[in-house]
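Colleague: Protein chains in written order, with our numbering: chain H, 1 to 220; chain Y, 1 to 220.
It is worth saying that the hints were derived from the structure and are not from the lab.
Here are the in silico distance ranges between beta carbons for each label pair:
id : chain 1 : residue 1 : chain 2 : residue 2 : range
1  : Y       : 21        : H       : 213       : 30 to 40 Å
2  : H       : 79        : Y       : 83        : 35 to 45 Å
3  : H       : 118       : Y       : 56        : 38 to 48 Å
4  : Y       : 86        : H       : 154       : 29 to 39 Å
5  : Y       : 166       : H       : 159       : 25 to 35 Å
6  : H       : 79        : Y       : 166       : 53 to 63 Å
7  : Y       : 218       : H       : 104       : 46 to 56 Å
8  : Y       : 102       : H       : 79        : 45 to 55 Å
9  : H       : 60        : Y       : 21        : 25 to 35 Å
Only pairs whose alpha carbons sit at most 25 Å apart, straight line, appear in this in silico DSS-like list of lysine-lysine:
id : chain 1 : residue 1 : chain 2 : residue 2
10 : Y       : 174       : Y       : 192
11 : Y       : 127       : Y       : 138
12 : H       : 153       : Y       : 213
13 : Y       : 45        : Y       : 153
14 : Y       : 153       : H       : 213
15 : H       : 192       : Y       : 220
16 : Y       : 192       : H       : 220
17 : Y       : 57        : H       : 57
18 : H       : 56        : Y       : 56
19 : H       : 192       : H       : 220
20 : Y       : 220       : H       : 153
Where a beta carbon is used, it is the ideal one built from N, C-alpha and C, also for glycine.
2 protein chains.
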Amino acid sequence: MATAELFYKIVNNTDAHSDSEHIRVYVDSNPSIPDRTAAILHGGKDPLPAMRESLKKLISCGADCIAIPCNTAYYFAEILEQESSVPILNMPAISSAECARRFSGAKAGILATDGTLAAGIYQTALKGAGVDYVLPDKFQQEAVMRVIYDGVKAGNAPESYRQDMEAAVEGMAKRGAEVFILGCTELPIAVKELKLQIPYIDSLEELARAAVKFCGAELK
Amino acid sequence: MATAELFYKIVNNTDAHSDSEHIRVYVDSNPSIPDRTAAILHGGKDPLPAMRESLKKLISCGADCIAIPCNTAYYFAEILEQESSVPILNMPAISSAECARRFSGAKAGILATDGTLAAGIYQTALKGAGVDYVLPDKFQQEAVMRVIYDGVKAGNAPESYRQDMEAAVEGMAKRGAEVFILGCTELPIAVKELKLQIPYIDSLEELARAAVKFCGAELK
Chain H
1 MATAELFYKI
11 VNNTDAHSDS
21 EHIRVYVDSN
31 PSIPDRTAAI
41 LHGGKDPLPA
51 MRESLKKLIS
61 CGADCIAIPC
71 NTAYYFAEIL
81 EQESSVPILN
91 MPAISSAECA
101 RRFSGAKAGI
111 LATDGTLAAG
121 IYQTALKGAG
131 VDYVLPDKFQ
141 QEAVMRVIYD
151 GVKAGNAPES
161 YRQDMEAAVE
171 GMAKRGAEVF
181 ILGCTELPIA
191 VKELKLQIPY
201 IDSLEELARA
211 AVKFCGAELK
Chain Y
1 MATAELFYKI
11 VNNTDAHSDS
21 EHIRVYVDSN
31 PSIPDRTAAI
41 LHGGKDPLPA
51 MRESLKKLIS
61 CGADCIAIPC
71 NTAYYFAEIL
81 EQESSVPILN
91 MPAISSAECA
101 RRFSGAKAGI
111 LATDGTLAAG
121 IYQTALKGAG
131 VDYVLPDKFQ
141 QEAVMRVIYD
151 GVKAGNAPES
161 YRQDMEAAVE
171 GMAKRGAEVF
181 ILGCTELPIA
191 VKELKLQIPY
201 IDSLEELARA
211 AVKFCGAELK
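In isolation and in its complexed conformation, chain H is listed as follows (with noise of 0.2 Å):
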């Protein structure tokens, strides 16, 4: 679902008034990729070789830059980087850097997996782009993962997650968080079905829009 999103969201943010000016995308949406964050962190199946494959085949159908909708992803994107011959868009760099831009001075919550957190995805990228932030408690993490896992992969009605997501929410916010990333791609798509007003930076919309300028199409 992430994958369609970004794609989704390619041609959203792409400003064009017929067919031939949105850019062409290539996408492999491999659902067997192993789980990022098992990998990470309980010595889970390694998902580099099949990270690996799809790279080579979008390469080789012609792409010219790569865009990974998972966040927790980017903990393999250097290795990747270095066997790739086209640019890999740093996902976490650019939503970080976008934080700053629009929120600057405000305090971030990082909401995203397990994964993402224990390899310091965001510290790192927030730190590079001079963003302060909070990180959630054990049982707000907890809540978020629940979000993540039972609801939106498994494809659960938003209201079956509601309150989790409003709890890691409210929670952080009294820890300090002004601004929430959205540092996993399924964090936007419950955001949006549970139409919560909170001020964040979803990453896969600026992953998106990263792309389409990448490629020199107009931007909305």
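Position chain Y relative to chain H; hints supplied.
Modeller: Leaving out everything else, chain Y in the frame of chain H:
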């Protein structure tokens, strides 16, 4: 946008409880494929070479079947099929069979591009499924074309094409249409955006469901 919608509908129509229960999807969204209606009606540039190139790319990625989210393109599908080592799912035939099943005995109004109508794509497919149909008159068809090209494809706001869409649908209903074949992949987007309450067959939805079924995943 139609390609993004098809991908989204494939994910949404799969009864999956984790990533790995989804099907693998390869996409080549090539917005530079010459306009199919222009090619059929006004000797416009031939879209076949570009379609052939996409087909080859998708098959070399590993696709087991092909789904083309453009009804007008099925004018060229017979030629492509002869060259393809994997089946091309026939969206007009699949949609017509579904119309016969769900709206047994009802007369279908065909909403499609000038090219699709002139090529008789849905007339032939509906006849094959034993479904009677009504065609739009000249003014209704002009309204449908404005919805597709000046409305959805141009990315304009739904309210800008509401009057045209309603005029076409109401006019055809008066002439006997009891169910509408949304026989252009931009039209389900229009119906959804306008929240129109009409009985219809969404050809893109039927194509998505056929792809999920073909690939052996569980349908919702």
